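Asks: Quick note on the UniProt record's numbering: the sequence shown kicks off at 1 and runs consecutively.
Warning: the hint list may mix true and false statements.
Cβ-Cβ distance ranges computed for the label pairs, FRET-style [what the hints assert, rightly or not]:
no., residue 1, residue 2, range
1, G23, M1, 29 to 35 Å
2, G21, M1, 29 to 35 Å
3, V20, D41, 28 to 34 Å
4, N5, S38, 15 to 21 Å
5, M42, N22, 28 to 34 Å
6, V20, M42, 32 to 38 Å
Just so you know, the hints here were simulated from the structure itself, not pulled from any lab data.
Being a predicted model, the structure only gives us computed values, none of them experimental.
Glycine residues also receive a C-beta, built at the ideal position from the N, C-alpha and C atoms.
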Amino acid sequence: MKEKNLIKSLEYRIKRYQSVGNGPMCQNLRYELGKLLSANDMTD
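Sequences and hints are given; from them, build the entire structure.
Replies: Here is the structure:
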């Protein structure tokens with residue numbers, strides 16, 4: 001449940017940073033989201 005909330009939070013933050021044109025921060029968040037999702041796949 002905690003991971004699901006974190007994923008949703010990261011997705012929301014990515015959209016917000018995209019809307020204001022902050023590419024570097026958006027890339028960092030996408031990297032974090034990718035790590036989280038890949039770790040999640042390994043545990044399933």
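Asks: Decide, hint by hint, whether the structure agrees.
Replies: Okay, the hints, checked on the actual structure:
The hinted range of 29 to 35 Å is satisfied by G23 and M1, whose Cβ atoms lie roughly 31 Å apart. Our hint of 29 to 35 Å for G21 and M1 holds, since their Cβ atoms are close to 33 Å apart. Distance hint for V20 and D41: a CB-CB separation of about 31 Å, consistent with the stated range 28 to 34 Å. For N5 and S38, the hinted distance range of 15 to 21 Å is satisfied, since their beta carbons lie about 18 Å from each other.
Against the hinted window of 28 to 34 Å, the Cβ-Cβ separation of M42 and N22 comes to about 30 Å, which satisfies the hint. A beta carbon spacing of about 33 Å between V20 and M42 agrees with the range 32 to 38 Å that was offered as a hint.
Taken one by one, the earlier hints all hold for this structure without exception.
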